[in-house]
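Visitor: Sequences are here, hints too, so could you generate the full structure?
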Amino acid sequence: MNVYLFELKLQIKSFLIWTIAIISIVFLFMVGIYPIFFGSMDEVQVMLNNFPEAFKAAFGVGLTDFFSYSGFFSFTFSYIALAGAIMASAHAIMTFAREKRLLCTEFIFTKPKSRESIFTAKLLSSLTVLAATNVLFIISVIVCYFMSSQRNMEISELILASSGLFFTQLVFLSLGMFFAVFARKIRSISGIATAIGFTGFILSALEGILEEEKIRFIAPLKYFEPTKVFSDGKFELKYVLTACVVVAICVGASYIRYCKRDVISK
Amino acid sequence: MNILKREFKMGFKPFILWGLGLFFLVFVGMMKYTGIGDGANNSDITALMEKFPKVVLALMGVAGVDLTTLGGFYSVIAYYALICAIIYAIYLGNNAVSRETIDKTYEFLFTKPCSRESILINKLIAGEIFLMIFCLLNYIFSVMAISTLNFSENIQIQIVLFTFSIFLVSNIFFALSAFLSAAMKHSEKSSLYSNLCFLFVFILGIVFDMIENSKILKFFVPVKYFTSKEILEKHMSLTYVIICVLLTGIFSYGTFNKFSKKDLMSK
Chain U
1 MNVYLFELKL
11 QIKSFLIWTI
21 AIISIVFLFM
31 VGIYPIFFGS
41 MDEVQVMLNN
51 FPEAFKAAFG
61 VGLTDFFSYS
71 GFFSFTFSYI
81 ALAGAIMASA
91 HAIMTFAREK
101 RLLCTEFIFT
111 KPKSRESIFT
121 AKLLSSLTVL
131 AATNVLFIIS
141 VIVCYFMSSQ
151 RNMEISELIL
161 ASSGLFFTQL
171 VFLSLGMFFA
181 VFARKIRSIS
191 GIATAIGFTG
201 FILSALEGIL
211 EEEKIRFIAP
221 LKYFEPTKVF
231 SDGKFELKYV
241 LTACVVVAIC
251 VGASYIRYCK
261 RDVISK
Chain Z
267 MNILKREFKM
277 GFKPFILWGL
287 GLFFLVFVGM
297 MKYTGIGDGA
307 NNSDITALME
317 KFPKVVLALM
327 GVAGVDLTTL
337 GGFYSVIAYY
347 ALICAIIYAI
357 YLGNNAVSRE
367 TIDKTYEFLF
377 TKPCSRESIL
387 INKLIAGEIF
397 LMIFCLLNYI
407 FSVMAISTLN
417 FSENIQIQIV
427 LFTFSIFLVS
437 NIFFALSAFL
447 SAAMKHSEKS
457 SLYSNLCFLF
467 VFILGIVFDM
477 IENSKILKFF
487 VPVKYFTSKE
497 ILEKHMSLTY
507 VIICVLLTGI
517 FSYGTFNKFS
527 KKDLMSK
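The listed protein sequences correspond, in order, to chains U and Z.
Just so you know, the numbering used here puts 192 at position 192 of the first sequence, and the rest follows in order with no gaps.
So the number in the numbering used here is just where the residue sits in the second sequence, counting from 1, plus 266.
Simulated from the structure, these hints should not be mistaken for lab results.
Heads up, the beta-carbon is just placed ideally off N, CA and C, and yes, glycines get one too.
Take the hints with a grain of salt, since some may be wrong.
To be verified - Below, in silico cross-link-like pairs of lysine to aspartate or glutamate (EDC-like), each with a Cα-Cα straight-line distance of 16 angstroms or less: (1) U:K100 - Z:D369; (2) Z:K484 - Z:E496; (3) Z:K524 - Z:D369; (4) Z:K320 - U:E43; (5) Z:K298 - U:E213; (6) U:K185 - Z:D369; (7) U:K234 - U:E154; (8) Z:K275 - Z:E394; (9) Z:K298 - U:E212; (10) U:K234 - U:E116; (11) Z:K500 - Z:E419; (12) U:K228 - U:E213; (13) Z:K298 - U:E211; (14) Z:K320 - U:D42; (15) Z:K320 - Z:D475; (16) Z:K298 - U:D42; (17) U:K185 - Z:E454; (18) Z:K528 - Z:E373; (19) U:K185 - U:E99; (20) U:K238 - U:D262; (21) U:K185 - Z:E419; (22) Z:K320 - Z:E454; (23) U:K260 - U:E116; (24) U:K100 - U:D262; (25) Z:K451 - Z:D529; (26) U:K13 - Z:E454; (27) U:K100 - Z:E454; (28) Z:K495 - Z:D475; (29) U:K228 - U:E154.
To be verified - Pair by pair, the computed Cβ-Cβ distance ranges are: (30) U:T120 - Z:S413: 49 to 59 angstroms; (31) Z:K370 - U:I108: 12 to 22 angstroms; (32) Z:K370 - U:I142: 46 to 56 angstroms; (33) Z:S480 - U:L210: 21 to 31 angstroms.
Guide: Structure below.
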């Protein structure tokens, strides 16, 4: 319990920074920009009327879908997921490499507490932080939705779609943990977390422009995409399974390594 | 000279990793381009697109460029290369100033017959050279990737301009992160803040693409100083080149100023 509380205390500041960042992105886009976007629908409609028929057919069909609340939410979500991914990896590295960075591994390992239970306590503390962030995130999504004038979707779908953030963060938590436990030396937490997050972002962007299905398996930010929830009512099973496998492997390997590794004296 | 050599040795492994990442990005990215719309009606599409509100274009993922042309497609890859370069630059800047503090080896270094300024200059030069080679690699990879595609379109000049803009913009972040590391007490905090700055700028960049009158905002968004549209027209705004150089200069000056007086903590 002590380890858990201690880790929680040390994560609070970073938790506040990231949660505020994520919630401000939600409000900036959904309350600030969506009305502008929706307002331009009429303008586009008028313009499309002057276009040749072929062009209208290609573009005009999905006009209301394109301007829908859920469509814009999916767009926004990719950036929220990016921030969430950086946050999750930062927290994982922060907790699991703390002793390694401060060179006080001996201190904690000589306490009357097994390595296994230390690992579990650390993991639970990170999970608590992520859960808190996500509760606040989902609340702010719902608040934004009720502030909007376009309330024409199932609120349960919106909640399910936003819960994707938690699962995305879980994947990045385990990736960060894997890195923290296996790296020989960690100089900067946020540098590595940013690199991990943006690697995921660039991979999913590549998937988007290349339209190559295979890349999606290595793009964790695309595992829990909201668009699928809005169209099918659930996440895509094969990517959910991929996510489970990634989490299981990373957590399992980290657990074994953390409990068995030699303490480096220098 | 010894410091410089050592810095090269230390920075070589991360550099290789970053280089591989860039290689993957450029080659995989360009591989798929098939050149759907080369030829006559490009200008029509661009003209049509200009009439749309910016927010709509941003959501379709095309902010002022035509993705069917080779240049337009490349500009997307170049933007991601810019992101990579910036993150690498932040790492290099932080590393140059605070690695010795993190590794607790600065006492060893600062007792050598070498002034703090000359140590910092050597470290910054090493970082700068890594950054330059990274940009150069971006140029080489881009040219190679495009030449394997065998397209008649020639975008050599644009690639040079893109690479140059990547270099200029990533330099701002290099200097900024060095400055923050020198100015702040804790190395982890400075790295957190320089990375948060970048994330903030990145999000602002998206907002920048969406709103119509974003002239004032542009100053705060280095990633959009040189827009793809301008570069594809073989044009780089001189004002922003000067702003880049100025910002880099100011931050570097600040770095030296702060570093020479910095208190080094024992823990």
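Visitor: Indicate, hint by hint, whether the structure satisfies it.
Guide: Hints, one by one, checked against the model:
The hinted pair formed by K100 (chain U) and D369 (chain Z) meets the criterion: a straight-line CA distance of about 12 angstroms does not exceed 16 angstroms. Note on K484 (chain Z) and E496 (chain Z): the hinted pairing holds, with a Cα-Cα distance of about 14 angstroms set against a maximum of 16 angstroms. The straight-line distance between the Cα atoms of K524 (chain Z) and D369 (chain Z) is roughly 20 angstroms, outside the 16 angstroms bound, and the hint therefore fails. Of the pairs offered as hints, the one joining K320 (chain Z) and E43 (chain U) holds, with about 12 angstroms between alpha carbons and a cut-off of 16 angstroms not exceeded.
Annotation: proposed proximity of K298 (chain Z) to E213 (chain U) holds, straight-line Cα distance about 13 angstroms (limit 16 angstroms). For the proposed pair K185 (chain U) and D369 (chain Z), the alpha carbon gap of about 10 angstroms is at most 16 angstroms, so the pair holds. In summary, the hint linking K234 (chain U) to E154 (chain U) is supported, as the alpha carbons are separated by about 13 angstroms, within the 16 angstroms threshold. Taking the CA atoms of K275 (chain Z) and E394 (chain Z), the gap is near 15 angstroms; set against the 16 angstroms cutoff, the hint holds.
Between K298 (chain Z) and E212 (chain U) the CA atoms are separated by roughly 9 angstroms; this keeps the pair inside 16 angstroms, and the hint holds. At roughly 35 angstroms between alpha-carbon atoms, K234 (chain U) and E116 (chain U) are farther apart than 16 angstroms, so this suggested pair is violated. Among the hinted pairs, K500 (chain Z) with E419 (chain Z) is consistent with the structure: their alpha-carbon atoms are about 14 angstroms apart, no more than 16 angstroms. Proximity of K228 (chain U) to E213 (chain U) is assessed by CA-CA distance (about 15 angstroms); at most 16 angstroms being required, the pair is judged to hold.
Straight-line distance between C-alpha atoms of K298 (chain Z) and E211 (chain U) comes to about 9 angstroms, which keeps the hinted pair within the 16 angstroms bound. Restraint check: the Cα-Cα separation between K320 (chain Z) and D42 (chain U) comes to about 14 angstroms, which is no more than 16 angstroms; the hinted pair holds. At most 16 angstroms may separate the alpha-carbon atoms for a hinted pair to count; K320 (chain Z) and D475 (chain Z) meet this at roughly 7 angstroms. Restraint check for K298 (chain Z) and D42 (chain U): the C-alpha separation of about 35 angstroms exceeds 16 angstroms, so the hint is violated.
Straight-line distance between C-alpha atoms of K185 (chain U) and E454 (chain Z) comes to about 14 angstroms, which keeps the hinted pair within the 16 angstroms bound. Distance hint between K528 (chain Z) and E373 (chain Z) is fulfilled; the C-alpha atoms sit about 13 angstroms from each other, no more than 16 angstroms. Restraint check for K185 (chain U) and E99 (chain U): satisfied, since their Cα atoms lie roughly 11 angstroms apart, inside the 16 angstroms limit. A distance of roughly 37 angstroms separates the Cα atoms of K238 (chain U) and D262 (chain U); the hinted pair therefore is violated under the 16 angstroms criterion.
A distance of roughly 47 angstroms separates the Cα atoms of K185 (chain U) and E419 (chain Z); the hinted pair therefore is violated under the 16 angstroms criterion. Restraint check for K320 (chain Z) and E454 (chain Z): the C-alpha separation of about 38 angstroms exceeds 16 angstroms, so the hint is violated. At most 16 angstroms may separate the alpha-carbon atoms for a hinted pair to count; K260 (chain U) and E116 (chain U) meet this at roughly 10 angstroms. For the given pair, K100 (chain U) sits about 12 angstroms from D262 (chain U) by alpha-carbon distance, which is consistent with the 16 angstroms threshold.
Proximity of K451 (chain Z) to D529 (chain Z) is assessed by CA-CA distance (about 8 angstroms); at most 16 angstroms being required, the pair is judged to hold. Among the hinted pairs, K13 (chain U) with E454 (chain Z) is consistent with the structure: their alpha-carbon atoms are about 13 angstroms apart, no more than 16 angstroms. For the suggested pair K100 (chain U) and E454 (chain Z), the alpha carbons sit about 14 angstroms apart, so the restraint of at most 16 angstroms is met. Distance check on the hinted pair: K495 (chain Z) and D475 (chain Z) sit about 12 angstroms apart at the alpha-carbon level, within 16 angstroms; holds.
With a CA separation close to 14 angstroms, the supplied pair K228 (chain U) and E154 (chain U) stays within the 16 angstroms bound. Range check, T120 (chain U) to S413 (chain Z): Cβ separation about 54 angstroms, and the 49 to 59 angstroms hint holds. At roughly 20 angstroms, the beta-carbon separation of K370 (chain Z) and I108 (chain U) lies within the given 12 to 22 angstroms, and the hint holds. In this structure the supplied range 46 to 56 angstroms holds for K370 (chain Z) paired with I142 (chain U), their Cβ-Cβ distance being about 48 angstroms.
The given range of 21 to 31 angstroms is respected by S480 (chain Z) and L210 (chain U), whose C-beta atoms sit roughly 29 angstroms from each other.
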